[in-house]
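Engineer: If you're matching them up, the sequences are chains P and Z in order. Heads up: the first sequence begins at 1 in full-length UniProt numbering, then just goes up one per residue. Heads up: the second sequence begins at 1 in full-length UniProt numbering, then just goes up one per residue.
The hints are simulated quantities; they were obtained by calculation from the structure and are not laboratory data. Be careful, since some hints might not be right.
[What the hints assert, rightly or not] Which stretches of chain Z does chain P cover? Using the computed rule of at least three CB atoms under 8 Å from a CB of chain P, they are:
| # | stretch |
| --- | --- |
| 1 | 150 to 159 |
| 2 | 177 to 183 |
[Unchecked claim] Sample of chain Z residues lacking proximity to chain P, with all beta carbon distances greater than 12 Å (derived):
| # | residue |
| --- | --- |
| 3 | 83 |
| 4 | 109 |
| 5 | 110 |
| 6 | 111 |
| 7 | 117 |
| 8 | 132 |
| 9 | 145 |
| 10 | 207 |
| 11 | 226 |
| 12 | 228 |
| 13 | 239 |
| 14 | 242 |
| 15 | 260 |
| 16 | 273 |
[Claimed, not checked] Pair by pair, the computed Cβ-Cβ distance ranges are:
| # | chain 1 | residue 1 | chain 2 | residue 2 | range |
| --- | --- | --- | --- | --- | --- |
| 17 | P | 109 | Z | 237 | 21 to 29 Å |
| 18 | Z | 195 | P | 109 | 33 to 41 Å |
| 19 | P | 209 | Z | 239 | 44 to 52 Å |
| 20 | Z | 118 | P | 30 | 34 to 42 Å |
| 21 | Z | 57 | P | 185 | 54 to 62 Å |
| 22 | Z | 79 | P | 4 | 53 to 61 Å |
| 23 | P | 122 | Z | 43 | 52 to 60 Å |
| 24 | P | 24 | Z | 273 | 22 to 30 Å |
Beta carbons: idealized from backbone N, C-alpha and C, even for Gly.
Protein chains: 2
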Amino acid sequence: MPIEGLSINLATVREQFDLAQAVDACMAQGIHAIAPWRDQVAHIGLAEAARIVESNALRVTGLCRGGMFPACDPARREAAIEDNRRAVDEAAALHADCLVLVVGGLPEGSHDIRAAREMVAEGIAKLLPYAKANGVPLAIEPLHPMYAADRACVNTLEQALDICELLGDGIGVAVDVYHTWWDPMLEQQIARAGAAGRILAHHICDWLVPTRDLLFDRGMMGDGVIDLRGIRAAIEAAGYRGPQEVEIFSSQNWWKRPGDEVLSICVERFNTVC
Amino acid sequence: MPIEGLSINLATVREQFDLAQAVDACMAQGIHAIAPWRDQVAHIGLAEAARIVESNALRVTGLCRGGMFPACDPARREAAIEDNRRAVDEAAALHADCLVLVVGGLPEGSHDIRAAREMVAEGIAKLLPYAKANGVPLAIEPLHPMYAADRACVNTLEQALDICELLGDGIGVAVDVYHTWWDPMLEQQIARAGAAGRILAHHICDWLVPTRDLLFDRGMMGDGVIDLRGIRAAIEAAGYRGPQEVEIFSSQNWWKRPGDEVLSICVERFNTVC
Numbered sequence: 001m002p003i004e005g006l007s008i009n010l011a012t013v014r015e016q017f018d019l020a021q022a023v024d025a026c027m028a029q030g031i032h033a034i035a036p037w038r039d040q041v042a043h044i045g046l047a048e049a050a051r052i053v054e055s056n057a058l059r060v061t062g063l064c065r066g067g068m069f070p071a072c073d074p075a076r077r078e079a080a081i082e083d084n085r086r087a088v089d090e091a092a093a094l095h096a097d098c099l100v101l102v103v104g105g106l107p108e109g110s111h112d113i114r115a116a117r118e119m120v121a122e123g124i125a126k127l128l129p130y131a132k133a134n135g136v137p138l139a140i141e142p143l144h145p146m147y148a149a150d151r152a153c154v155n156t157l158e159q160a161l162d163i164c165e166l167l168g169d170g171i172g173v174a175v176d177v178y179h180t181w182w183d184p185m186l187e188q189q190i191a192r193a194g195a196a197g198r199i200l201a202h203h204i205c206d207w208l209v210p211t212r213d214l215l216f217d218r219g220m221m222g223d224g225v226i227d228l229r230g231i232r233a234a235i236e237a238a239g240y241r242g243p244q245e246v247e248i249f250s251s252q253n254w255w256k257r258p259g260d261e262v263l264s265i266c267v268e269r270f271n272t273v274c
Numbered sequence: 001m002p003i004e005g006l007s008i009n010l011a012t013v014r015e016q017f018d019l020a021q022a023v024d025a026c027m028a029q030g031i032h033a034i035a036p037w038r039d040q041v042a043h044i045g046l047a048e049a050a051r052i053v054e055s056n057a058l059r060v061t062g063l064c065r066g067g068m069f070p071a072c073d074p075a076r077r078e079a080a081i082e083d084n085r086r087a088v089d090e091a092a093a094l095h096a097d098c099l100v101l102v103v104g105g106l107p108e109g110s111h112d113i114r115a116a117r118e119m120v121a122e123g124i125a126k127l128l129p130y131a132k133a134n135g136v137p138l139a140i141e142p143l144h145p146m147y148a149a150d151r152a153c154v155n156t157l158e159q160a161l162d163i164c165e166l167l168g169d170g171i172g173v174a175v176d177v178y179h180t181w182w183d184p185m186l187e188q189q190i191a192r193a194g195a196a197g198r199i200l201a202h203h204i205c206d207w208l209v210p211t212r213d214l215l216f217d218r219g220m221m222g223d224g225v226i227d228l229r230g231i232r233a234a235i236e237a238a239g240y241r242g243p244q245e246v247e248i249f250s251s252q253n254w255w256k257r258p259g260d261e262v263l264s265i266c267v268e269r270f271n272t273v274c
């Protein structure tokens, strides 16, 4: 029996498995939804990845990731958009629910976060027609403010939804509890996103205390302080019915354990604390 | 000649100097404004600290810190408020511009950040009459969202100002560029704070890329990505005329250098990039 409502972002087991191995391990646990990363797709080839998705009737809750729009040089910004079009192609081939956008931070040497944010909105505006033509919804993922400089200058749901409203349909947000749990406006903005039909993905993990690394110390659900059930309730009340997607980067813990064990604990925690 | 507009938060040289030594070193550089921490005051005694402040005609731009209000046990919350009253006494004795409040994070075992935020507002409400009676303005310092769990569940200026408005006069905010630079609402909320006369302190340092530690890897002004001049301009346009206070926690760099060198670089950067 497939487990309803659970997806695994394959970054969670990226040190243990390639895409094909990860899918086998997920299927063995009853997990029939995944979200791969582009490098994982490239490693086995897009055609083979698409074949694996199709033959296992997998739901692909997102392709990670497009984005990284800001650059000082206009030619580099154009190259980033072109690369995002290839990501759209891949998402379309995999029948992904969305292409997740990690929008990028400040260009090198820049102190102007407002300009970076404008480059993001402009880049997404240029990408969107291609995404719509290919039937791939774009999901802006606001990242935690600790990544504002180097990964994503869109740091709150409110900001992401403001961009969505500027751009019209075909675009929404990925709500990741790790990035958004602290936000005083979270419930209000989840309701806003839901009312506009813009919740495209729901990522889960946990915030550990202490957090020892800015990038690679995410916790398994239940090991941290995030009110996972409360946020899930808000997201479901806002009308989202898709799976919760587990995405854990953990260089010192989960990436060092056997992949099957990690997946089995994901299932257990999904059933008990999410 | 004293340097106008520059204050040193003594955490910046806490590994090198005690309060008395730090003041001598600051005076030697022409720095006539400081912000000590309570443990630094306790180490030499409040009376001696007050004597040093008076005999050198120092401006004390803030006492760090009160706060840490949330706790599951009501008796512990009451004890925290009582300790904050002692911090008010110390701030009054030092003629500090304000008592800086780092409000506290989630109580141990809690997943309920909304409840923690209510405890904060309640704690400050109970402290405020005593602070006003003693002529000590309270400055809520919103901390970066990466500290929401364990240090401060007030994470944006907007949130801090909402609490201020609930509570009336005698309370404002400390605007620290490290905690707020990423905030899409920063300029708008600085203007709001200024219009209400609530900007009580302006802390500076820089955000390094990469940041290697969540707590102790703050950068010297000019070494990171923060638009220091832009934020200063917004704060001054909002009517704040007090000093900029340098507060750098840096276990691997600035805390390892000679204190005089650190202070001299603070002066140089203050004159060139702030």
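Engineer: Could one say that the CB atoms of residue 79 of chain Z and residue 4 of chain P fall in the range 53 to 61 Å?
Structural biologist: Once the Cβ atoms are compared, 47 Å apart, the range 53 to 61 Å for residue 4 of chain P and residue 79 of chain Z is violated.
Engineer: For residue 228 of chain Z, is the shortest CB-to-CB distance to chain P above 12 Å, so the non-interface label stands?
Structural biologist: 8 Å, violated
Engineer: Does residue 111 of chain Z sit more than 12 Å from chain P, CB to CB?
Structural biologist: 4 Å, violated
Engineer: If you check the beta carbons of residue 118 of chain Z and residue 30 of chain P, does the distance land in 34 to 42 Å?
Structural biologist: Holds, since residue 118 of chain Z and residue 30 of chain P (Cβ atoms, about 41 Å apart) stay within the stated range.
Engineer: Please settle this one: residue 145 of chain Z was flagged as non-interface, so is its CB more than 12 Å from every CB on chain P?
Structural biologist: Nearest chain P Cβ is 4 Å from residue 145 of chain Z, so the label is violated.
Engineer: Can we confirm that no CB of chain P comes within 12 Å of the CB of residue 226 of chain Z?
Structural biologist: Given a closest Cβ separation of 7 Å, the condition is violated.
Engineer: Just want to verify: residue 132 of chain Z was marked as not at the interface with chain P; is every Cβ pair farther apart than 12 Å?
Structural biologist: 26 Å, holds
Engineer: The hint says 21 to 29 Å between residue 109 of chain P and residue 237 of chain Z; measuring C-beta to C-beta, is that right?
Structural biologist: With Cβ atoms ~26 Å apart, the hint holds.
Engineer: Does the hinted range 33 to 41 Å hold for residue 195 of chain Z and residue 109 of chain P at CB?
Structural biologist: 34 Å Cβ-Cβ, so the 33 to 41 Å window holds.
Engineer: Hey, is residue 242 of chain Z genuinely clear of chain P, shortest beta carbon separation above 12 Å?
Structural biologist: Correct as stated: the minimum Cβ-Cβ distance to chain P is 23 Å, above 12 Å.
Engineer: Hey, does residue 260 of chain Z actually stay past 12 Å from chain P on C-beta?
Structural biologist: 29 Å, holds
Engineer: Quick check: do three or more residues in the stretch 150 to 159 of chain Z have a beta carbon closer than 8 Å to a beta carbon of chain P?
Structural biologist: holds (count 6)
Checked against the numbered hints listed earlier, the structure breaks hints 4, 5, 6, 7, 9, 10, 11, 12, 16, 19, 21, 22, 24; every other hint is satisfied.
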